[in-house]
Structures are given as structure tokens and as C-alpha cells.
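J.: The chain contents come next:
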Amino acid sequence: NAGVTQTPKFRVLKTGQSMTLLCAQDMNHEYMYWYRQDPGMGLRLIHYSVGEGTTAKGEVPDGYNVSRLKKQNFLLGLESAAPSQTSVYFCASSPQETQYFGPGTRLLVL
Amino acid sequence: AQSVTQLDSHVSVSEGTPVLLRCNYSSSYSPSLFWYVQHPNKGLQLLLKYTSAATLVKGINGFEAEFKKSETSFHLTKPSAHMSDAAEYFCVVSAVTSGTYKYIFGTGTRLKVLA
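From first to last, the protein sequence lines are chains U and R.
Its first residue numbered 12, the first sequence is counted upward by one per residue in my numbering.
Its first residue numbered 81, the second sequence is counted upward by one per residue in my numbering.
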């Protein structure tokens, strides 16, 4: 039981490049979330999903898109990366209220 | 609306002395509250949670927190700090919006443990 895993662990992008971050969970959780963590700001919700095939916007959705084609996977896409998207990205899943977090993806946009 | 305030951005304690990390919350109804710990370059690990059962909640690694409705507080304590407790700690309140549970995070408290 791996819990929540994230791929990749670290990535460097140039401004304007695109990439996809993958989150996978093996706990059969309905809910999944993407957050970004910036110094002194805690974690902020980007997008979330309440089930396979559904997505919704969180607090800071601009510049990101998501998809949940399979229950166990939640993808976060950056179509045209900007330096302001340099951050640490965390995925989480939950059966209902309590969330379980992945190890994070560190993204640097130059 | 729900919110959470962590009163200290940094706390330093000596090894073997008590730890107190302070958290105040605001909620229009009886909240669910959580403490998470994040060690350097790691993900967030659940320490403990309060969900309207006992007001004193025991968590992992000797941590506990007390829910005080009259003070709208949920402070995290540990009787004796260990070097391995050095990390960042987040207080979280859970809110239901559009039928979905969402977390509202505090800005974090970085705990330093001195030898």
C-alpha cells in the first residue's frame, strides 16, 4: 500500500514550457486535491475532484488545468509555465474529511 | 467563514523541554481541526484530529491538542521535545462548501529544537 505518490519529484522548466504532474493513490479515495506551497503562505488549493470524471476550481486555479479520467489518478497540467508557478506542489486524497498527502513535487520555472 | 491563525511563525525550545504551538480558529459551526507536521523536504503527515468527540486529542509521537471552544483555540503540546520534532507544523480547519470538505491551512509554525 503506497498511499499517495507523485511524479516527478523535481523538475526545472523554462518559461512557456508545458508539463503534467501525476498524482496516484491506491486507497480507493473519492476525493483528490492539488495544492501549492509557498513560503509563509501555508498550502493553497488549486483544483480538486470529488470523483472520477469530475473537477472543480480551488482558491488559486489560474494557469493550471486538471483531469481525473481514472479514480486513482489526478493530473495537474501547466500549459505555459511562468516563474510565478515556481513552488512545491502537493497532492492529497481523502475518503471524506481527513486528507492524506503525497511527498510533493518541487517545480522551478526559469 | 472558517479561518485559522497560527500565532507564532517560529518557536525554539531546548531538547527535553515542553513544546507549545498555538492555533486559534474561527468557525460558524462546530469545526473539525487537524495538526499536520512537515519535516524538511517531505510531505505532510497527520499528527492528530479533533472531530467533536473528546476535547483532549492524543496524536502520534507524544503530541496532543486540546479543543477549547470558549477560547476558539486548538493548541498543540508535547511534554518533552526531541531533536526529531524539528519541523514545520500546520493547523488546519475543515470547512464544507458546495457539499465538499475543504481544508483551510494556517501559515505554519517552524519548530526548532536546540541541543
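Do not rely on the hints blindly, as some may be mistaken.
[Said to hold, decoys possible] Here are some chain R residues pointing at chain U (derived, C-beta under 8 Å):
{"no.": "1", "residue": "119"}
{"no.": "2", "residue": "120"}
{"no.": "3", "residue": "122"}
{"no.": "4", "residue": "123"}
{"no.": "5", "residue": "124"}
{"no.": "6", "residue": "177"}
{"no.": "7", "residue": "181"}
{"no.": "8", "residue": "182"}
{"no.": "9", "residue": "183"}
{"no.": "10", "residue": "188"}
[Claimed, not checked] Each pair of labels, with its calculated beta carbon distance range:
{"no.": "11", "chain 1": "U", "residue 1": "29", "chain 2": "R", "residue 2": "98", "range": "44 to 54 Å"}
{"no.": "12", "chain 1": "U", "residue 1": "51", "chain 2": "R", "residue 2": "163", "range": "20 to 30 Å"}
{"no.": "13", "chain 1": "U", "residue 1": "88", "chain 2": "R", "residue 2": "159", "range": "27 to 37 Å"}
{"no.": "14", "chain 1": "U", "residue 1": "119", "chain 2": "R", "residue 2": "133", "range": "22 to 32 Å"}
{"no.": "15", "chain 1": "U", "residue 1": "97", "chain 2": "R", "residue 2": "87", "range": "20 to 30 Å"}
{"no.": "16", "chain 1": "R", "residue 1": "95", "chain 2": "U", "residue 2": "81", "range": "27 to 37 Å"}
{"no.": "17", "chain 1": "U", "residue 1": "114", "chain 2": "R", "residue 2": "144", "range": "25 to 35 Å"}
{"no.": "18", "chain 1": "U", "residue 1": "88", "chain 2": "R", "residue 2": "177", "range": "16 to 26 Å"}
{"no.": "19", "chain 1": "R", "residue 1": "135", "chain 2": "U", "residue 2": "88", "range": "25 to 35 Å"}
{"no.": "20", "chain 1": "U", "residue 1": "70", "chain 2": "R", "residue 2": "88", "range": "41 to 51 Å"}
{"no.": "21", "chain 1": "R", "residue 1": "122", "chain 2": "U", "residue 2": "81", "range": "25 to 35 Å"}
{"no.": "22", "chain 1": "R", "residue 1": "138", "chain 2": "U", "residue 2": "108", "range": "12 to 22 Å"}
[What the hints assert, rightly or not] Stretch-level coverage of chain U by chain R, calculated; a stretch enters the list once three of its residues show a Cβ under 8 Å from a Cβ in chain R:
{"no.": "23", "stretch": "46–58"}
{"no.": "24", "stretch": "84–95"}
Simulated from the structure, these hints should not be mistaken for laboratory data.
The beta-carbon is built from N, C-alpha and C at its ideal position, and this holds for glycine as well.
J.: All hints are to be evaluated individually against the structure, with a verdict given for each.
T.: How the hints compare with the structure:
1. 119: This interface hint is violated because 11 Å lies over the 8 Å limit.
2. 120: Hint violated; residue 120 of chain R Cβ to chain U Cβ min 11 Å, cut 8 Å.
3. 122: 6 Å, holds
4. 123: With a minimum Cβ separation of about 4 Å from chain U (threshold 8 Å), the hint on residue 123 of chain R holds.
5. 124: Nearest chain U Cβ about 4 Å off; hint holds.
6. 177: Constraint on residue 177 of chain R not satisfied, violated at 10 Å.
7. 181: Hint on residue 181 of chain R: holds, closest Cβ of chain U at ~5 Å, below 8 Å.
8. 182: With a minimum Cβ separation of about 6 Å from chain U (threshold 8 Å), the hint on residue 182 of chain R holds.
9. 183: Check passed: Cβ of residue 183 of chain R comes within 6 Å of chain U, closer than 8 Å.
10. 188: Holds. Min distance 6 Å.
11. U:29 with R:98: 44 to 54 Å: About 49 Å separates the Cβ atoms of residue 29 of chain U and residue 98 of chain R, which means 44 to 54 Å holds.
12. U:51 with R:163: 20 to 30 Å: 25 Å, holds
13. U:88 with R:159: 27 to 37 Å: 46 Å, violated
14. U:119 with R:133: 22 to 32 Å: At 43 Å between Cβs, range violated.
15. U:97 with R:87: 20 to 30 Å: For residue 87 of chain R against residue 97 of chain U, whose Cβ atoms are near 29 Å apart, the range 20 to 30 Å holds.
16. R:95 with U:81: 27 to 37 Å: 46 Å, violated
17. U:114 with R:144: 25 to 35 Å: At roughly 26 Å between Cβ atoms, residue 144 of chain R and residue 114 of chain U fall inside 25 to 35 Å, so the hint holds.
18. U:88 with R:177: 16 to 26 Å: Cβ of residue 88 of chain U to Cβ of residue 177 of chain R: about 24 Å, so the range 16 to 26 Å holds.
19. R:135 with U:88: 25 to 35 Å: 43 Å, violated
20. U:70 with R:88: 41 to 51 Å: 24 Å, violated
21. R:122 with U:81: 25 to 35 Å: 26 Å, holds
22. R:138 with U:108: 12 to 22 Å: 19 Å, holds
23. 46–58: n = 6 at 8 Å, threshold three: holds.
24. 84–95: The restraint on the stretch 84–95 of chain U is violated, since only 0 of its residues have a Cβ under 8 Å from chain R and three are required.
Checked against the numbered hints listed earlier, the structure breaks hints 1, 2, 6, 13, 14, 16, 19, 20, 24; every other hint is satisfied.
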